[in-house]
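Student: Sequences and hints are given; from them, build the entire structure.
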Amino acid sequence: AQTVTQSQPEMSVQEAETVTLSCTYDTSESNYYLFWYKQPPSRQMILVIRQEAYKQQNATENRFSVNFQKAAKSFSLKISDSQLGDTAMYFCAFMKNNNNDMRFGAGTRLTVKP
Amino acid sequence: GAVVSQHPSWVICKSGTSVKIECRSLDFQATTMFWYRQFPKQSLMLMATSNEGSKATYEQGVEKDKFLINHASLTLSTLTVTSAHPEDSSFYICSARDPTGPSTDTQYFGPGTRLTVL
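Chains as they are written, first to last, in my numbering: chain Z, 43 to 156; chain C, 483 to 600.
Treat the hints as calculated values from the structure; they're not laboratory data. Predicted, not measured: the structure shown is a model, and the values here were computed from it. Each residue gets a CB set at the ideal place from its N, CA and C atoms; glycine is no exception. Heads up, none of these hints are tricks.
SDA-like mimics (lysine to any residue), calculated; alpha carbons at most 20 Å apart, straight line:
1) Z:K120 to Z:T60
2) C:K523 to Z:P82
3) C:K496 to C:S571
4) Z:K138 to C:Y540
5) Z:K138 to Z:A148
6) C:K523 to Z:R85
Label pairs and their in silico Cβ distance ranges:
7) Z:A58 to C:P584: 30 to 36 Å
8) C:Q524 to Z:Y96: 27 to 33 Å
9) C:T499 to Z:S122: 47 to 53 Å
Tutor: As structure tokens, this is what we get:
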């Protein structure tokens, strides 16, 4: 079974600074997908970024980027120029290729301070 | 695009009654939808995978007779919590994949339904 570990229950960052959230996973699969979802206080799950395991290039979406280390099974999220609206729970998720089963980590609560 | 809605957003019911939650894909057809449960300050736990026109696939430990799932059309899946009890109080979230979208692997989530059983 695949497991996803987020070792940082809570983090905080000053507005405009950069923060990195860590995520590791365990799998024997070679093809899979990784995701970061954001859940603000409204509790609406919002896709932040996705990475296909067969792509070596790290995914980026504006201020959000990942550091995907396949051999180390690590998938960290970097948020640059943090904004107050980035305050939320962040969940790392893993899904095998062509499979409906998405597994989530325990989440990291990020607080952006003014 | 890829918007998923849920109704109701919150519901309070008496113990022993049944509650139905609807999940709709608004701008795409979803052959597969998913139902999750989230306890306070915890992660999402997959309850079941809902397939249009066929029976849902339940995760281990989820009572299929208690959590009835129907996926009668390509845009609607329903979760019915039967004979609800206080321990069923939780936040229920559905998601769907867009099979014709740019990222067919990505799940798009509804806004969730908060169920409180008195």
